[in-house]
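If you read the sequences in order, they're chains Y and C. With the first letter of the first sequence counted as 1, position 98 gets the number 98 in the numbering used here; the numbers rise by one all the way through. With the first letter of the second sequence counted as 1, position 21 gets the number 21 in the numbering used here; the numbers rise by one all the way through.
Sample of chain C residues facing chain Y (criterion: CB under 10 Å; computed from the structure):
| hint | residue |
| --- | --- |
| 1 | 1 |
| 2 | 15 |
| 3 | 17 |
| 4 | 37 |
| 5 | 70 |
| 6 | 71 |
| 7 | 72 |
| 8 | 80 |
| 9 | 92 |
| 10 | 93 |
Here are a few chain C residues that sit away from chain Y, every Cβ distance over 10 Å (derived from the structure):
| hint | residue |
| --- | --- |
| 11 | 2 |
| 12 | 5 |
| 13 | 22 |
| 14 | 25 |
In case anyone wonders, no lab produced these hints; they're calculated from the structure. The C-beta atom is built at its ideal place from N, Cα and C for all residues, glycine as well.
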Amino acid sequence: MIIADKTTKAVDLVQAALDQAEKYKDHNIFISLNAEKALARAKEIDEKIARGEEVGKLAGVPYALKDNYSSHDGNTTAAAHILDSYHSPITATAVERIEAEGAIMIGRANLDAFAHGGSTENSYFGATKNAADETRVAGGSSGGSAVSVALDVVQFALGSDTGGSIRQPASFNGVYGIKPTFGAVSRYGVVAMASSTDTMGCFAKKAEDVDLVMSIMSGKDAKDSTSLEDYWTKNLDEIQPAKKKIGLIRDCFGDGINPEVAEIVRNYAKKLEAQGYEIEEFDMPILKYGLAIYYVVQPAEVASNLSRYDGIRYALRSKDAKGLDDIYTKSRSEGFMKENKRRIMIGNFVLSSGFYDAYYLKAQKARTLLINAYNEAFEKYDALLCPVAPTPAFKLGEKTSDPLTMYLEDAMTVPASMAGLPALSVPAGETEDGLPVGAQLIGQRQSDQLLLSIAKHCEEA
Amino acid sequence: MSITREDVLHLAELSRLEISEEEIEPLKKDLDGIIGYISQLNELDTDGVEPTYQCFDMQNVWREDEIQSFEANREDLLNLAPDSENNQIKVPKVL
Numbered sequence: 001m002i003i004a005d006k007t008t009k010a011v012d013l014v015q016a017a018l019d020q021a022e023k024y025k026d027h028n029i030f031i032s033l034n035a036e037k038a039l040a041r042a043k044e045i046d047e048k049i050a051r052g053e054e055v056g057k058l059a060g061v062p063y064a065l066k067d068n069y070s071s072h073d074g075n076t077t078a079a080a081h082i083l084d085s086y087h088s089p090i091t092a093t094a095v096e097r098i099e100a101e102g103a104i105m106i107g108r109a110n111l112d113a114f115a116h117g118g119s120t121e122n123s124y125f126g127a128t129k130n131a132a133d134e135t136r137v138a139g140g141s142s143g144g145s146a147v148s149v150a151l152d153v154v155q156f157a158l159g160s161d162t163g164g165s166i167r168q169p170a171s172f173n174g175v176y177g178i179k180p181t182f183g184a185v186s187r188y189g190v191v192a193m194a195s196s197t198d199t200m201g202c203f204a205k206k207a208e209d210v211d212l213v214m215s216i217m218s219g220k221d222a223k224d225s226t227s228l229e230d231y232w233t234k235n236l237d238e239i240q241p242a243k244k245k246i247g248l249i250r251d252c253f254g255d256g257i258n259p260e261v262a263e264i265v266r267n268y269a270k271k272l273e274a275q276g277y278e279i280e281e282f283d284m285p286i287l288k289y290g291l292a293i294y295y296v297v298q299p300a301e302v303a304s305n306l307s308r309y310d311g312i313r314y315a316l317r318s319k320d321a322k323g324l325d326d327i328y329t330k331s332r333s334e335g336f337m338k339e340n341k342r343r344i345m346i347g348n349f350v351l352s353s354g355f356y357d358a359y360y361l362k363a364q365k366a367r368t369l370l371i372n373a374y375n376e377a378f379e380k381y382d383a384l385l386c387p388v389a390p391t392p393a394f395k396l397g398e399k400t401s402d403p404l405t406m407y408l409e410d411a412m413t414v415p416a417s418m419a420g421l422p423a424l425s426v427p428a429g430e431t432e433d434g435l436p437v438g439a440q441l442i443g444q445r446q447s448d449q450l451l452l453s454i455a456k457h458c459e460e461a
Numbered sequence: 001m002s003i004t005r006e007d008v009l010h011l012a013e014l015s016r017l018e019i020s021e022e023e024i025e026p027l028k029k030d031l032d033g034i035i036g037y038i039s040q041l042n043e044l045d046t047d048g049v050e051p052t053y054q055c056f057d058m059q060n061v062w063r064e065d066e067i068q069s070f071e072a073n074r075e076d077l078l079n080l081a082p083d084s085e086n087n088q089i090k091v092p093k094v095l
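Bound conformation, chain C alone (with noise of 0.2 Å):
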């Protein structure tokens, strides 16, 4: 497959990426050429092959369900917000 324009803008979108119109073509060309490269998979025969998703064998993992100290304060995490007021983080006007 080859990547249209829209293709871009709309992986953009999903992204939440700003693109401006100088950016489309070079995405486009770079994204063809990655997509086109990872496409070879197509050759391997994956029949009956079970997904690998993490490479151990592990299972959940279970703690007692008990409330563990943490290295940092809500003044220490609100401080890290762009901006905040009476202890809450601010944004703007939503509804």
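Chain Y extracted, bound-state conformation (with noise of 0.2 Å):
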């Protein structure tokens, strides 16, 4: 991470990064941009750096932020119609925290609308394109900020995670991408999507910047109450994993995996043997339903969660409304994608009375079963392995026509969401076509900084 100091000008950082966004605009990589205030705010640091004040951990360093982080700074879109004109009154906790070690927003970063979708094109905003090339997805749903560190704009980017929105994208894009153990970082102020599931974390070019950035978003915060006390206290390099072993999840090889892809992970295996880890292949039968769980578990929430724009108290109130039913009605038919509207449906459908026992129920159960294959994992490895999406970037486009090919790009992230694990994208390589290709490690709860030195130790090697 290049920190401002005595020569190093937090207006340079500041102004390099806003030079690089101009260059890649056609990308699409940000809602809105924050140039004004982010260099009044390079200014104020360099001043304080000249008089020897203390800066923070952060001084000076230029962050995308997923446009569901609420801040001063501009409107929080959550690239949904429905919100593009919310400023919010409220900063998020981890935006608070990373401003205070004097990192600076320098532009607000596009997403599927509220996070709903792998690819960035449901965003209200236009889609954003694909770091390495530009006829693919960025993927989704925190594609902006993962392409803004791809390409250089910026030196970390917060994202957030709920069934892999911030692994995917960074395996798209050649990156590093967080999801951290569930209650790690407070949600306060991200707009909520699943809550159960939503996880706060960022996307870095290094494993250390990775942990850097997350040690001091993390921690306990009075205003989540499923934030746990701060437990990112250590040195990756004094890290010792306790069995030296990592499971290969044999079933994540099996049909529908991109050939290249699976080689790539293969790879990836034989570098963390060649670091001294065995590496052993196991099967998780339950994998298969992983995804049929998230896809109850999450519209459910969702349909919560998007009760409260009713617009009456914030957010859009649709000009035609007459009555009560009706500004409800015409605010969120006019405000929300097609794919939020399909969530809520779907949400609405598996709590509906008659349904209920028969899917929502029966898919927290389900998830108990899945909880309970991976504590048995974690007897046996320190982490697991596999890839984190069955394929590379796809052409802009390509899924857009039938939502359950789209979500099949999830069957491998969701897993570790619904158990609350904390899990990595690491980047591991290039298909012939040149395109990024991550692996996944997944851990146990509260494992997050094994995963970033393990990752490190084959960055470094």
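Fit chain to chain and form the complex, with the hints in mind.
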């Protein structure tokens, strides 16, 4: 991480980031830029440095903020029409913490509206293009954040991951992306998607940069009762895996996996072996149901969370609305994207009387079986290894016509989400066509730093 | 089960969403596909298994019932409302 000091000016770091953002304008990385305020803040930091004052661990470091994090800088749109004029009166805890250390937000990054999607094509502001190939998707939902790091606009970016929204775009663009243990980072001030699996993480090009940002963002916050006591306190170089054994999930290499992706992830396993890890293949048959569990629980929580958009207290109110029911129905119909509506309807279906037991309760029971299977695996292994996504970045428009095809993209990321486990997308290689591919390391709860230390050893080898 | 036109309209109503005539068929097809997919959970034997609603064994988190400051003031919040008057949020006549 390049941090401002006496010789490196914060103003220059921020200006360079803004210049890069301008250069890659056609990639549609940002929904809004924060140029003026960012430069003013950089100037303040440079002045503090000149006076010899304390400036923080991320002094003058420009970063991109996924546009579902609240802050006073710019509108918090969540890439949805219903929120496009919403100026938040609060600041997300994660933002507050990294900015207290001197980080400077240069722009709000694009996403699938309300983080519903795996390609950033569901954005009210248009799709973001892949960093390696402009004809392909950025992945999603944190597509803008991933591309901003991949194209060196910023040194790190914040994202959110409910079912793969950090890991999959990290894989598609060749950068690190971490979905921490559920509760590691406060969810306060981030637009809620599915509250039992929403996690706040980041993207960067080095494992130790990810570690630095996460160590700052994480920790207990009175404003989020599910946030955990700070455990992100170790030095990566001092972490010792207990077993030096990693489980390769065989089920993730079957039908439907792109052969190049499979090969790249297996090569990463060889790298781990060279680092002294024993690699053992094992089966986890319950994973076959991971996606089905997720697409019951997540839409149910989405339907509940999005019921707050009623057109009354904030956000869009339809101009055509006459009575009260009209305000709800017209505002929501105008303001939500197609995919938001689908998920709300699926959620209300699985929660509705007559179907609750068969779908929602069934899925939550299956979730227990999934968690049990992970627990069993962690009796033998320090971490698990599998691909992040079954394919490299696909073509823009390739999967937009059938929602189920798009959902299948999430098959390898959602299981860890349902169990609240930390998972890291590590840049592992490229296909023959030059498309980046990530490998996914999954760990026990609160073993986030172990995953980063494993990745760091491989990165430096 | 397969989703009918009536199901789509009923779900739209529950969701407070207005669905145009042209949207019904494609939605019916999408929902059918998704619900068909999630129905594979029926293959799993979950007899006697407890459901997991949240991943951490978390209990209620208590704090003292004391007033805490909030970063936004009343004006900030009222300004967010699409329509307000005399410190209150305004909606069309209900009764």
